[in-house]
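Chemist: Here the structure of chain A is known, so what remains is to put chain B in place on it, guided by the hints.
The listed protein sequences correspond, in order, to chains A and B. Going by the UniProt record's numbering, the first residue of the first sequence is number 1, and it counts up by one from there. Going by the UniProt record's numbering, the first residue of the second sequence is number 1, and it counts up by one from there.
Incorrect hints may appear among the rest.
[What the hints assert, rightly or not] Calculated Cβ distances over 12 Å to all of chain A for the following chain B residues:
# : residue
1 : GLN3
2 : SER47
3 : ILE48
4 : GLU65
[Stated by the list, open to error] The calculated lysine to aspartate or glutamate pairs, modelled on EDC-like cross-linking and capped at a C-alpha distance of 16 Å, are:
#  : chain 1 : residue 1 : chain 2 : residue 2
5  : A       : LYS189    : B       : GLU65
6  : A       : LYS180    : B       : ASP41
7  : B       : LYS33     : A       : GLU185
8  : B       : LYS32     : A       : GLU185
9  : B       : LYS57     : B       : ASP41
10 : A       : LYS175    : A       : GLU271
If you are wondering where the hints come from, they were derived from the structure by calculation, not from laboratory data. Quick reminder that beta carbons are idealized off the backbone N, C-alpha and C, glycines included.
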Amino acid sequence: MVPRELFPAIAVLTVLYLVVVAFSYWGVRRTKRKIYEKDAEVKRRLYELAILKEISDRTGYSLNIQKILDVIVGSLNQFLEYSAVSYMLLEPSKIVFKADLERSVSTHFIKEIRTRMLGSLTALLGRDLADMEVEETITGAIMIDIIEEPVQSYFNIPLVIGGELVGVLTVSHTKAGLYKESEMEILYKIVNQASQAVTKLEEVVKTEQGKIAAMLESMLEGVVMTDREYHILAANPAAKFVIGYKGEGTPTIFDFIDAFKDLLDIRSKLEEAIKLDKIITVKEVFFSNKYYQIVVSPVKSNVGFTKGEILGGVIIFHDVTHEKEAEKMRNDFTSMMVHELRSPLGNIKKIGEMMRSSKVLEDKQASSEYVSMLYESSSSMLDLVNDLLDVAKLEAGKFAVEKNQENLKEILAERVKFFDTTARDVGVTFKLLMESAVPDSVAIDSKRITQVMNNLFSNAFNYTPKGGMVTALCFMHKKGASLDIEARTMLAPWITDNMSADTALIPDSVVVAVTDTGEGILTENIERLFNKFIQFSSSARDSEHKGTGLGLVIVKGIVEAHGGVIGVGSKRGTGSTFYFTLPL
Amino acid sequence: MDQAEQYKAVMSEIIAKQSIILGPDMAVARAKKVSGIEIGDKGEVISISGDPADALKRLIDTYVELSGQIVKNALGSIFIRYPEIEQMH
Chain A
1 MVPRELFPAI
11 AVLTVLYLVV
21 VAFSYWGVRR
31 TKRKIYEKDA
41 EVKRRLYELA
51 ILKEISDRTG
61 YSLNIQKILD
71 VIVGSLNQFL
81 EYSAVSYMLL
91 EPSKIVFKAD
101 LERSVSTHFI
111 KEIRTRMLGS
121 LTALLGRDLA
131 DMEVEETITG
141 AIMIDIIEEP
151 VQSYFNIPLV
161 IGGELVGVLT
171 VSHTKAGLYK
181 ESEMEILYKI
191 VNQASQAVTK
201 LEEVVKTEQG
211 KIAAMLESML
221 EGVVMTDREY
231 HILAANPAAK
241 FVIGYKGEGT
251 PTIFDFIDAF
261 KDLLDIRSKL
271 EEAIKLDKII
281 TVKEVFFSNK
291 YYQIVVSPVK
301 SNVGFTKGEI
311 LGGVIIFHDV
321 THEKEAEKMR
331 NDFTSMMVHE
341 LRSPLGNIKK
351 IGEMMRSSKV
361 LEDKQASSEY
371 VSMLYESSSS
381 MLDLVNDLLD
391 VAKLEAGKFA
401 VEKNQENLKE
411 ILAERVKFFD
421 TTARDVGVTF
431 KLLMESAVPD
441 SVAIDSKRIT
451 QVMNNLFSNA
461 FNYTPKGGMV
471 TALCFMHKKG
481 ASLDIEARTM
491 LAPWITDNMS
501 ADTALIPDSV
511 VVAVTDTGEG
521 ILTENIERLF
531 NKFIQFSSSA
541 RDSEHKGTGL
551 GLVIVKGIVE
561 AHGGVIGVGS
571 KRGTGSTFYF
581 TLPL
Chain B
1 MDQAEQYKAV
11 MSEIIAKQSI
21 ILGPDMAVAR
31 AKKVSGIEIG
41 DKGEVISISG
51 DPADALKRLI
61 DTYVELSGQI
71 VKNALGSIFI
81 RYPEIEQMH
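If we strip away everything but chain A, and leave its shape as in the complex, we get (with noise of 0.2 Å):
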């Protein structure tokens, strides 16, 4: 028997081991569960990962969000318990709906998450949906229309790539209060960051679409790209400009099917491109006033699975207009050129057979003359030659002057008083006004300066008419001033129309300068002058003033040559201003 007296004890030794006993299970309860919670974290952070994993290997750097969604439809049930997951994906015509079925439900069922899932969207979007056409694929279990059980729990997730709304993820119970938030919130997780993922990729898409894009347009060919059943993928301005089309958007393979019609069978050449895989180039076609080479290659990938993989064809047409221009005024120059030789050559042959003749050799006089017509053909094939090879050195870049400190004034004198015989001939007066500040001595190749003054001064009188007037002129320029401010200074007279340049740029220079009162030159001419070939065309025509056309390409080279410029300015009807310049 336990004595009375130790019944308080014992009450208090057994309720301190009761609370010892309930708080030890309370503490063993509460671990229990955290290690629940902690079980549960994990296992739902394992899930996230190895469904991200799973979404990176099937999809690769996919762009396509449904390959994605089937994804995570696929293994969501490794994490979530749902009776069905189901997804819609807004497309330009129609909506997407595709439901997977995890359990048995009916039609209603259905229905009803339809009907939620086009809400969301609706709610989102601001517009109704209510006429779109909605594509319904179901997969999974059997939909039994017995099973009267609604949707008793749902949540949705708006699918959003780059900022714009794609579509809406739901998972959806017969059984009512089953989500939690954090369980919901862990396939928010992982379908934002898959969106963010093709987000992110569709940029870079773009980003590298837009160089090739701009790189499209800028290019001076027309450039038409096709995929293998010959749709046009992208065609440049330039392409559209070729066939004349002005419609919106890229044309059709058939608009330049057509537009080719009797010159080309551009499909034909795309398929021989593609289906033999070579490049094919077509040299020369004559359309719309143009001449076009056209190239068609097929059109290769260069990356991944499908490498070295015809993807389609591309068709380049290089306009070579201006190269037949050019190739036509070769030839002009080449065949003028020849005529002006063969001119001469054939006096000298003609003066050589008459030569032959004894009775021509006994005649003084006679022989006389013949040589001296032989030295002006000789004289005449011998300028010609020269000036050739004078262009020849100019375009090869090996054109040189021997400058040395020279008197410019007194070469410019010792020229007008040689051509003063010319003027009196051809009735035109001629003066010289020298500015007294130009200085004795100035660096330059004085037989090239004389051959550039003496081309000037021909010209001059060539295309002055009697009773006109010729003038020469010499001054300082300062840079910064205008030329024929400085001219008209000297009251010489200046003429300023179509001349380009700003001649306030040149540097500090002595000018020389001729003005004539002749027919003047046609403004679209001026640009011609110092063209070799335009203005030998030109010149060659022209029989009342003859030349090689040549000169003023040479004079132009020598006074580069020296480091200065040349310009010209002119009016029909009252006469041009020559001038050059030669730097200090």
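Modeler: Same frame as chain A, but now just chain B:
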């Protein structure tokens, strides 16, 4: 309707709209986590403590945090009906 009531109405409408967009389970669960608002089981705002403008901002932010700016854009039609509150946001 005084301003406090207007805020309660706006927030209730926002939760209702998010219930359509995200589903009621998620929309109400997120709203219940926002401090300064007491939410009923059906998502109605029962009371607001503290600055209602701050509470509204927190409510919107909780949905934006979950599914991005697009859910905020969808709230435009609600604010049109409450121009005074719209001006403050």
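Chemist: Assess, step by step, whether the Cα of LYS189(A) is no farther than 16 Å from the Cα of GLU65(B), and give holds or violated.
Modeler: holds, 10 Å
Chemist: Regarding the pair LYS57(B) and ASP41(B), is the alpha-carbon distance no greater than 16 Å?
Modeler: The hint is violated at about 21 Å.
Chemist: Looking at GLU65(B) again, its CB stays over 12 Å from all of chain A?
Modeler: Given that some Cβ of chain A is not farther than 12 Å from that of GLU65(B), nearest at about 10 Å, it is violated.
Chemist: Beyond 12 Å on every Cβ pair: is that true for ILE48(B) relative to chain A?
Modeler: holds, 22 Å
Chemist: Is the straight-line distance between the alpha-carbon of LYS32(B) and that of GLU185(A) 16 Å or less?
Modeler: holds, 15 Å
Chemist: Given the hint that LYS33(B) pairs with GLU185(A), does the C-alpha gap stay at or below 16 Å?
Modeler: holds, 13 Å
Chemist: Quick one: work out the minimum CB distance from GLN3(B) to chain A and report holds if it exceeds 12 Å, violated otherwise.
Modeler: Correct as stated: the minimum Cβ-Cβ distance to chain A is 26 Å, above 12 Å.
Chemist: Within 16 Å, alpha carbon to alpha carbon, are LYS180(A) and ASP41(B)?
Modeler: holds, 15 Å
Chemist: Given the hint that LYS175(A) pairs with GLU271(A), does the C-alpha gap stay at or below 16 Å?
Modeler: violated, 60 Å
Chemist: Hey, is SER47(B) genuinely clear of chain A, shortest beta carbon separation above 12 Å?
Modeler: holds, 22 Å
In the structure shown, a violation is registered for the earlier hints numbered 4, 9, 10, in ascending order.
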